[in-house]
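Participant: Next come the chains, spelled out residue by residue.
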Amino acid sequence: MFENLTDKLQRAFKNLRGQGTLTAENMDEALKEIRLALLEADVNFKVVRDLVDHIREKATGTQVLTALSPAEMVIKVVRDELVETLGKDTAKFKFASQPPTVVLMAGLQGSGKTTTSGKLAGWFKKGGHRPMLVSVDVYRPAAREQLKVVAKAVGAHLYEGENVESNTESVVRLAKEARREAVINGCDVLIVDTAGRLHIDEQLMEEMQSLRSLLNPQEVLFVADAMTGQDAVNSAKEFHDKLTLTGVVLTKMDGDARGGAALSIRAVTGQPIKFLGIGEKYDAIEPFHPDRVVGRILGMGDILSLIEKAEEKLDKKKSEEFAKKALSGDGFSLEDFREQLRQVKKLGSLQSIMGMLPKIGPFAQMQQASSKVDEKQLTRVEAIINSMTAYEREHHEAINGSRRKRIARGSGTSVPEVNNLLRQYAQMRKMFKSMSKPGFARRLGGMKMPGM
Amino acid sequence: MMFKLFGGKKEEPAEQKQSLFERMKQAVTRTRENLAERIEDVISFRKEIDASTLDELEATLIAADLGTTTTNEVLAAMREKVDRKLIGDGDELKRVLKQELLAILQRAEEARPRIEVEPPEVILVVGVNGAGKTTTIGKLAHALRAQGKTVLLAAADTFRAAAIEQLEIWGQRTGAEVIKTKPGGDPSAVLYDALQAAKSRKADYVIVDTAGRLHNKTHLMAELEKMHRTAERILPGAPHETLLVMDGTTGQNGLQQAKVFTEAAGVTGIVLTKLDGTAKGGVVVAISREMNLPVRYVGVGEKQGDLIPFNASDFVDSLFQ
Ligand SMILES: Nc1nc2c(ncn2[C@@H]2O[C@H](COP(=O)(O)OP(=O)(O)O)[C@@H](O)[C@H]2O)c(=O)[nH]1
Ligand SMILES: Nc1nc2c(ncn2[C@@H]2O[C@H](COP(=O)(O)OP(=O)(O)O)[C@@H](O)[C@H]2O)c(=O)[nH]1
Ligand SMILES: [Mg+2]
Ligand SMILES: [Mg+2]
Chain A
1 MFENLTDKLQ
11 RAFKNLRGQG
21 TLTAENMDEA
31 LKEIRLALLE
41 ADVNFKVVRD
51 LVDHIREKAT
61 GTQVLTALSP
71 AEMVIKVVRD
81 ELVETLGKDT
91 AKFKFASQPP
101 TVVLMAGLQG
111 SGKTTTSGKL
121 AGWFKKGGHR
131 PMLVSVDVYR
141 PAAREQLKVV
151 AKAVGAHLYE
161 GENVESNTES
171 VVRLAKEARR
181 EAVINGCDVL
191 IVDTAGRLHI
201 DEQLMEEMQS
211 LRSLLNPQEV
221 LFVADAMTGQ
231 DAVNSAKEFH
241 DKLTLTGVVL
251 TKMDGDARGG
261 AALSIRAVTG
271 QPIKFLGIGE
281 KYDAIEPFHP
291 DRVVGRILGM
301 GDILSLIEKA
311 EEKLDKKKSE
321 EFAKKALSGD
331 GFSLEDFREQ
341 LRQVKKLGSL
351 QSIMGMLPKI
361 GPFAQMQQAS
371 SKVDEKQLTR
381 VEAIINSMTA
391 YEREHHEAIN
401 GSRRKRIARG
411 SGTSVPEVNN
421 LLRQYAQMRK
431 MFKSMSKPGF
441 ARRLGGMKMP
451 GM
Chain B
1001 MMFKLFGGKK
1011 EEPAEQKQSL
1021 FERMKQAVTR
1031 TRENLAERIE
1041 DVISFRKEID
1051 ASTLDELEAT
1061 LIAADLGTTT
1071 TNEVLAAMRE
1081 KVDRKLIGDG
1091 DELKRVLKQE
1101 LLAILQRAEE
1111 ARPRIEVEPP
1121 EVILVVGVNG
1131 AGKTTTIGKL
1141 AHALRAQGKT
1151 VLLAAADTFR
1161 AAAIEQLEIW
1171 GQRTGAEVIK
1181 TKPGGDPSAV
1191 LYDALQAAKS
1201 RKADYVIVDT
1211 AGRLHNKTHL
1221 MAELEKMHRT
1231 AERILPGAPH
1241 ETLLVMDGTT
1251 GQNGLQQAKV
1261 FTEAAGVTGI
1271 VLTKLDGTAK
1281 GGVVVAISRE
1291 MNLPVRYVGV
1301 GEKQGDLIPF
1311 NASDFVDSLF
1321 Q
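In order, the protein sequence lines correspond to chains A and B.
Sequential numbering of the first sequence, starting at 1, is according to my numbering.
Sequential numbering of the second sequence, starting at 1001, is according to my numbering.
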């Protein structure tokens, strides 16, 4: 449907072939495409302006790596900039030293506050807490009934209250009573669902301020709809100015909106996006991961497309063989290792590939390892292995002191460097073997890990 | 018949007499000084047209959610006129630009004139989650009841927690009967009951509330298609109007909403809600331009009187405020 941003950038760089440097001039067209992509994704135009300026600054003067095209290089810079803007994984809650921890929900009408309140209650329950819900939405027809149904569905306590009227007094009273009730019931988290309100509705914003000062909540979450357009900056900023938000929940991410509002809201509030709402069911909530949202905003489905691109350049079969071997009882040889190094160099930057993988399990370790490797070092490592005999490459244990000296001399490196490489190699061998759980080899093969 | 909704009535509440333009201005000026640097009426103070004039206009249109495609094409036409010296100064440029936008909206209105239908007239109300469907139905019922019409409300949102209760409260407020089933029930069955009831009771209007659904959920869109067919089967020609309720803060996703809902449910018009906020709802210009789908009403608040017929000219003015 849409032409992929990568393709557009490729076109923008058609004149910059092979090795080159990104300059303000040759990036001009690319930056225009990036600007359009961000605007189409509903990122606020002022935020786009700032982002594009940053990206221009960062990219200018960058050497284009052998394995990445200029377009891919720029995408990498864009991606890094957006991920940085959005912040890291941030699904953490502040808890009160003296329970209950109070979570105050805030946002415009229909953004998903009541549903998200229920989802959070479920989330807390799973984490071993005893959440209580209370609705102080005394305005929208059946809003309190809605939360009652939600509370029942997630099996959370609910404070209902009595003699509720449609006014601020009732709102404040309900909140006060709910907190007391939470203490009595031993509920350690109180989630306060509020009525939707416009940021320019002074009376209702004041009501929200009274709630905030009364409850002194640990978290004030701004619940925003992922489909929001340019106005996201106005509402988010006003809510933040009046209420000092502590986080954001972006709902309806199960739709096909690009979700540029995430960047806008983050830019004007500086507050972390903590959760994404991904459906109407009460478990349809997930912690926020910036990489995925960035891929979506850029219309690349996923940053994975970049990896795929890189994958094509990696010799797929060799990688798979390597993975199999590395995980087998024999482990991989220095010869295999050198082959992998060549692959990695062909690809350009190891870190950029590593950075795209989820930071979980074994990948976390590998990422740590990869962050210590730079391109120059890869060349030196390869030189060291080049200086080994074929026998040595297959039998690393045979490389004694005198062989090490010879290798160091031959590769123009030093004995400590050779020692270091052999030590790291031994460690890696062990690490890979220890990871040889069923299924992992397949995944590794599928992911085309370069083997570091 | 819908076009008579707000006309021909002796005593209109004062608030309904205000134009959209005035009401939106009112909402905005309330806290204008608090808002981060609003885009001002960019070029009325500038006589000469230079590159920055067009850049500022571009920013105004983008900020109003018209989207880059519509903005660029509309401005390209302006640029050409400027180059050919057909436009002399900033004021004229703005006037011509407004005319261009107005023409887009009016073309869509003309493409889908409203038709007189034999009662009961069936209005199907669709849209994504939280857009304001149920509230809009309450407001529509209020306006129709004020004209002495009988209105049946079909509570075909059987999914959302307490959605039926919400519609019932609107029914009580406006004196419209609500046809319902239990939560989780079949929406098409409710629709069936409501249409049968409307036929036998000779009701003037049936307004059908539906569950919010994101348009990329194919099974939910298929459900809507089924409802559309059900209505047609029971009452040939029904639904006579399918209103897509769209949140005024919606960005470019609105275009996709309009396309997919139209495919599934034959949308005939849009209700743009929450324009009492600071969002402009400019994506409807893109929708009008690409799909010839007109805006019928505008929601400007949560009370029953807060629905006004769409006025293209007021709307275009509001984009520049
Ligand atoms: N698809 C989808 N719908 C959602 C999500 N969060 C909320 N909703 C729906 O959005 C509508 C409004 O939600 P609600 O919680 O009542 O919003 P509130 O007015 O802010 O309290 C309801 O139809 C919800 O089911 C989400 O993450 N995905
Ligand atoms: N400010 C404002 N709020 C509105 C408007 N229309 C609907 N709402 C509010 O938006 C929220 C969602 O409305 P609802 O009718 O439940 O949406 P539905 O999920 O599409 O049926 C409620 O809090 C309504 O009061 C409007 O024109 N202006
Ligand atoms: Mg609510
Ligand atoms: Mg509804």
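No lab work stands behind these hints, which were simulated from the structure alone.
Each hint should be verified, as a subset may be incorrect.
[What the hints assert, rightly or not] Straight-line distance between alpha carbons at most 30 Å, and here's what the computed DSBU-like set of lysine-lysine pairs gives:
| id | chain 1 | residue 1 | chain 2 | residue 2 |
| --- | --- | --- | --- | --- |
| 1 | B | Lys1182 | A | Lys125 |
| 2 | B | Lys1217 | B | Lys1202 |
| 3 | A | Lys32 | A | Lys88 |
| 4 | A | Lys176 | A | Lys242 |
| 5 | A | Lys32 | B | Lys1085 |
| 6 | A | Lys46 | A | Lys8 |
| 7 | B | Lys1182 | B | Lys1149 |
| 8 | A | Lys152 | B | Lys1182 |
| 9 | B | Lys1202 | A | Lys46 |
| 10 | B | Lys1098 | A | Lys125 |
| 11 | B | Lys1182 | A | Lys237 |
| 12 | B | Lys1202 | A | Lys281 |
| 13 | A | Lys46 | B | Lys1098 |
| 14 | B | Lys1149 | B | Lys1217 |
| 15 | A | Lys58 | A | Lys237 |
| 16 | A | Lys281 | B | Lys1259 |
| 17 | B | Lys1217 | B | Lys1182 |
| 18 | A | Lys148 | B | Lys1303 |
All values reported here derive from a predicted model rather than from experimental measurement.
Participant: Against each hint, give a clear statement of whether it holds in the structure.
Facilitator: Hints and how they fare:
1. Lys1182/B to Lys125/A: holds, 29 Å
2. Lys1217/B to Lys1202/B: violated, 36 Å
3. Lys32/A to Lys88/A: holds, 27 Å
4. Lys176/A to Lys242/A: holds, 21 Å
5. Lys32/A to Lys1085/B: holds, 28 Å
6. Lys46/A to Lys8/A: With Cα atoms ~23 Å apart, Lys46/A and Lys8/A stay inside 30 Å; holds.
7. Lys1182/B to Lys1149/B: Holds - the C-alpha atoms of Lys1149/B and Lys1182/B are around 27 Å apart, at most 30 Å.
8. Lys152/A to Lys1182/B: holds, 17 Å
9. Lys1202/B to Lys46/A: violated, 55 Å
10. Lys1098/B to Lys125/A: Roughly 54 Å between the alpha carbons, so the hint for Lys1098/B and Lys125/A is violated.
11. Lys1182/B to Lys237/A: violated, 41 Å
12. Lys1202/B to Lys281/A: violated, 39 Å
13. Lys46/A to Lys1098/B: With a Cα-Cα distance of about 23 Å, the restraint between Lys46/A and Lys1098/B holds, given a limit of 30 Å.
14. Lys1149/B to Lys1217/B: violated, 36 Å
15. Lys58/A to Lys237/A: With Cα atoms ~27 Å apart, Lys58/A and Lys237/A stay inside 30 Å; holds.
16. Lys281/A to Lys1259/B: holds, 26 Å
17. Lys1217/B to Lys1182/B: Distance of about 23 Å is within 30 Å: holds.
18. Lys148/A to Lys1303/B: holds, 24 Å
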